[in-house]
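J.: Quick mapping for you: the protein sequence lines, in order, are chains A and D. Heads up: the first sequence is residues 1 to 186, going by my numbering. Heads up: the second sequence is residues 1 to 186, going by my numbering.
Take these hints with a grain of salt, some might be off.
The list treats identical chains as one, so a pair stands whether inside a single copy or across any two.
[Stated by the list, open to error] Capping the alpha-carbon separation at 25 Å, the derived lysine-lysine pairs in DSS-like fashion look like this:
#1 K109 - K135
#2 K150 - K69
#3 K155 - K31
#4 K112 - K176
#5 K66 - K135
#6 K13 - K135
#7 K176 - K155
#8 K173 - K155
#9 K173 - K126
#10 K176 - K135
#11 K145 - K135
#12 K135 - K69
These are calculated hints, taken from the structure and not from any lab test. Note that this is a predicted model, so its numbers are computed, not measured.
There are 2 protein chains.
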Amino acid sequence: MRYHNFTEFALNKAFEFIEPGPVLLLTTQYKHKINVMTLSWSTLFDFDPQIGCVLSPGDYTFEILKASKECVLGVPTVDIMEKVVQIGNCSGENMDKFKTFNLTPLDAKMVKAPLIKECLFNVECKITDISLADKYGLFVMEGVKAWLDKNRPEKRTFHANGNGTFVIDGETKNLKHLMTKWQIFI
Amino acid sequence: MRYHNFTEFALNKAFEFIEPGPVLLLTTQYKHKINVMTLSWSTLFDFDPQIGCVLSPGDYTFEILKASKECVLGVPTVDIMEKVVQIGNCSGENMDKFKTFNLTPLDAKMVKAPLIKECLFNVECKITDISLADKYGLFVMEGVKAWLDKNRPEKRTFHANGNGTFVIDGETKNLKHLMTKWQIFI
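Only chain A is shown next, with the shape it has when bound in the complex (with noise of 0.2 Å):
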């Protein structure tokens, strides 16, 4: 299914976006106001995929997760990446973030929080527990839908380093041989 830039991709294979921990940008809508915070916590639970996603109990984000159940996960690119550092540093709570950031929202199929039009790839999810919100900050999330824009030029995503500065995806090595154990996902 093509949709604006995107692509519908695999599901099952949404999980090669994430499990490399690139800075993420999670989007919402709750009560028609639609956000995007930046994220960094997050990891697999599962090849599903099961997506961990950890936020402060302090982000505006934390309490419309719980009540909306929803978002998106989108993957942005270098090309982005003051951008997606300046949105996790500011929050929605006074301002509309997509507006101040000149990102387009478009909408998903399977959940109200919007995609990203302007990331190399988006995952649409259904909070599945919200248990483990107050202690770890944790939400765990199922992908049901994903896009994947494959005519964009710049694929390179980034990592934070924790102190402020980023590292940006270089060489890609191909160790296929080496995975003898996991030949079912290559």
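Please arrange chain D on chain A, whose structure you already have, making use of the hints.
T.: Only chain D this time, still in chain A's reference frame:
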């Protein structure tokens, strides 16, 4: 404190090596047998650091972690990438991986699991919560001592793409001037 090739590293900055999401090595000791596995699914929960590692029930280490409640997380660099991938494609159940892969175990200070001499960074961890292991494969742990090999020439880590390819750290970009909300960390 100096120890072999390592210098003790501030615990409250140890999260900086985990947050970017590199492939990790996880060592254990149980009943006098040491072992090491490769791990790509992890996240931070807090800056202490509190770390979540996700294992499969099929991993030899899974039950060992439940029983020993201790481990060391090592951060390997690209010069031992092939070795790290091979370690992730066999089981410690029927082999001595340290010997097979020519890794040097060093006594840790706070846990029985060994440090890995060949890693850039090691953090000794106490498992604080195994209640989510069966449902999510999740082991919550607290870093209790951290070690950096400052003089190691190779510092580039690598990230699993999940399909048998791995992306190596490229350029680091300093965006501290944009971290207006998070000045405490930079």
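J.: How would you classify K173 and K126 at a CA-CA limit of 25 Å: within, between, both, or neither?
T.: neither (33 Å within a copy, 33 Å between copies)
J.: Go through the copies and call it for K112 and K176: within, between, both or neither, with a Cα cutoff of 25 Å.
T.: neither (38 Å within a copy, 34 Å between copies)
J.: For the identical chains here, do K13 and K135 meet the 25 Å Cα criterion within one copy, between copies, both, or neither?
T.: between (30 Å within a copy, 22 Å between copies)
J.: Between K135 and K69, at a C-alpha cutoff of 25 Å, which is it: within one copy, between copies, both, or neither?
T.: Both, since 17 Å and 20 Å are each at most 25 Å.
J.: With 25 Å as the alpha-carbon cut-off, assign the pair K150 and K69 to within, between, both or neither.
T.: Neither way: K150 and K69 sit 29 Å apart in one copy and 44 Å across, limit 25 Å.
J.: Is it within, between, both, or neither for K66 and K135, if the alpha carbons may be no more than 25 Å apart?
T.: both (13 Å within a copy, 20 Å between copies)
J.: For K155 and K31, with the copy left unspecified, which applies at a CA distance of at most 25 Å: within, between, both, or neither?
T.: neither (33 Å within a copy, 46 Å between copies)
J.: With identical chains, the pair K176 and K135 could be close in the same copy or across copies; at 25 Å between alpha carbons, which is it: within, between, both, or neither?
T.: neither (38 Å within a copy, 30 Å between copies)
J.: 25 Å Cα cut-off: does K109 pair with K135 within a copy, between copies, both or neither?
T.: neither (31 Å within a copy, 29 Å between copies)
J.: Checking an output row: K176 and K155, CA cutoff 25 Å. Within, between, both or neither?
T.: Both. Shortest intra-copy (21 Å) and inter-copy (23 Å) distances satisfy the 25 Å Cα cut-off.
J.: If the cut is 25 Å between Cα atoms, do K145 and K135 qualify within a copy, between copies, both or neither?
T.: between (28 Å within a copy, 23 Å between copies)
J.: At most 25 Å between CA atoms: does that hold for K173 and K155 within a copy, between copies, both, or neither?
T.: both (15 Å within a copy, 17 Å between copies)
In summary, the numbered hints that this structure violates are 1, 2, 3, 4, 9, 10.
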